[in-house]
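Listed in order, the protein sequences are those of chains A and B.
The first sequence lines up with residues 11 to 290 when you count with our numbering.
The second sequence lines up with residues 28 to 119 when you count with our numbering.
Simulated from the structure, these hints should not be mistaken for lab results.
Nothing here was measured: the structure is a model prediction, and the numbers come from that model.
All residues carry an ideal CB built from backbone N, CA and C; glycine is no exception.
Honestly, I wouldn't trust all of these hints.
Chain B side only, calculated, beta carbon under 8 Å to chain A, not exhaustive [as the list claims (entries may be wrong)]:
hint, residue
1, Met28
2, Leu31
3, Tyr35
4, Asp37
5, Tyr39
6, Val41
7, Gly46
8, Ala49
9, Asp50
10, Ala55
11, Pro62
12, Arg64
13, Gly66
14, Val68
15, Pro108
16, Leu110
Restricting the straight-line Cα-Cα distance to at most 35 Å, the calculated cross-link-like pairs of lysine-lysine (DSBU-like) are [stated by the list, open to error]:
hint, chain 1, residue 1, chain 2, residue 2
17, A, Lys86, A, Lys57
18, B, Lys36, A, Lys57
19, B, Lys36, A, Lys86
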Amino acid sequence: MSKIAAWLPFLIFGLFVGIGAGVYYAVNIDPRIVTDVSPDQLSEPDKLNYLIALSLGYSRDRRIENAALRLLNLGKEWQDIADAACELTQSGYAGTNTGLTAIRAMVELAASQGATGCASALIPSGTATPRPEPTRPPPTPTLPPVPTKTPTLEPAQTEAPPVALTPTPAGEFAVNVVAFCDTRVSGVLEITVREGSGRGIPGVGVAVIWPEGRGQAFTGLKPERDPGYADYVMSSDQAYQLEIPGRSQRSARLEPLPCTAQGGGRSRASYRVIFQRVGG
Amino acid sequence: MSDLARRYKDDYTVLVAAGYLADGDLQAAIDRLAPLRVGNVFTYVRDVAERYISQQGDAQEIRGLVILSCAMGYCTAPMQPFLLPTPTPAAP
Numbered sequence: 011m012s013k014i015a016a017w018l019p020f021l022i023f024g025l026f027v028g029i030g031a032g033v034y035y036a037v038n039i040d041p042r043i044v045t046d047v048s049p050d051q052l053s054e055p056d057k058l059n060y061l062i063a064l065s066l067g068y069s070r071d072r073r074i075e076n077a078a079l080r081l082l083n084l085g086k087e088w089q090d091i092a093d094a095a096c097e098l099t100q101s102g103y104a105g106t107n108t109g110l111t112a113i114r115a116m117v118e119l120a121a122s123q124g125a126t127g128c129a130s131a132l133i134p135s136g137t138a139t140p141r142p143e144p145t146r147p148p149p150t151p152t153l154p155p156v157p158t159k160t161p162t163l164e165p166a167q168t169e170a171p172p173v174a175l176t177p178t179p180a181g182e183f184a185v186n187v188v189a190f191c192d193t194r195v196s197g198v199l200e201i202t203v204r205e206g207s208g209r210g211i212p213g214v215g216v217a218v219i220w221p222e223g224r225g226q227a228f229t230g231l232k233p234e235r236d237p238g239y240a241d242y243v244m245s246s247d248q249a250y251q252l253e254i255p256g257r258s259q260r261s262a263r264l265e266p267l268p269c270t271a272q273g274g275g276r277s278r279a280s281y282r283v284i285f286q287r288v289g290g
Numbered sequence: 028m029s030d031l032a033r034r035y036k037d038d039y040t041v042l043v044a045a046g047y048l049a050d051g052d053l054q055a056a057i058d059r060l061a062p063l064r065v066g067n068v069f070t071y072v073r074d075v076a077e078r079y080i081s082q083q084g085d086a087q088e089i090r091g092l093v094i095l096s097c098a099m100g101y102c103t104a105p106m107q108p109f110l111l112p113t114p115t116p117a118a119p
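Using the sequences and the hints given, assemble the complete structure.
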């Protein structure tokens, strides 16, 4: 009996050492790895990534049932999207076009289900291009056409010009984009190429670029509107950028998002894209 | 994110591809895929795209994956049918 009592402290000590070593091993050396988890088991930062992704997904496919299912899997609600958009807006996330696109997608998705937050006021859905533009060109070309040695269209001419005859303009062009919503014009890129003086330049090929391809719009085909005018109808599921190849920067990404016109009618966002010569 | 079940990883990748179509920011797409901790994000997207194609998944989702994969430099033969352009220019 006394022999057992003598060993008891050592046994208890050994037991605690064993338990401690086991816990340390399980926590620090070889922790249990949970695999095949569902989205609702993700960490909050990962859930935020998922929220952003599902909002962007909705902005492309417009399948609200898919977004709802993903949100359910994530263990979140519509208001959580609006709240997350609000937090992102107040962080540096909104400092890039990519961030703005994501926040706008979140605002739009949340708003479609009646959920709003602070981002809804700061970055309303459907405005399509919240990116501020530092400069604005004159609102309309005001100077009359000036005689020129180069073959250009007269404003009264109605036939389409032979584009190859018109020289490519020299010099650099600044690009300026203004979004608008009008029930009479749905998802149209209204392009104008101008001299620095404001005079329209016909026959300029403006590249229209979307993620998997590109097209071209030539100015001067609607001289009754403006010699430097061209337009392009956007596909509702695409985002576009415009440039005069080698002569201008690319515009911001332009997307025909649903919008509400001043009179209350629904339409898709259109854009006035103005290339104005700033040099050369 | 790396512990997600494969179906959710695939779904997340589809969403990231849709995000790329929305913002055109390839670096952002790569950054968004980084939490998945796949060995090579480029071949990973290619593999997901080809798997969706072979399993005849949703055409719109496949299209997004294909466009992202091609943007990452992996544009394989099975992807070609999903790269057809859709916009039409306005009538003069």
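Evaluation of the provided hints:
no., hint, verdict
1, Met28, "5 Å, holds"
2, Leu31, "6 Å, holds"
3, Tyr35, "6 Å, holds"
4, Asp37, "12 Å, violated"
5, Tyr39, "6 Å, holds"
6, Val41, "7 Å, holds"
7, Gly46, "4 Å, holds"
8, Ala49, "5 Å, holds"
9, Asp50, "4 Å, holds"
10, Ala55, "5 Å, holds"
11, Pro62, "6 Å, holds"
12, Arg64, "11 Å, violated"
13, Gly66, "16 Å, violated"
14, Val68, "14 Å, violated"
15, Pro108, "12 Å, violated"
16, Leu110, "6 Å, holds"
17, A:Lys86 x A:Lys57, "9 Å, holds"
18, B:Lys36 x A:Lys57, "13 Å, holds"
19, B:Lys36 x A:Lys86, "18 Å, holds"
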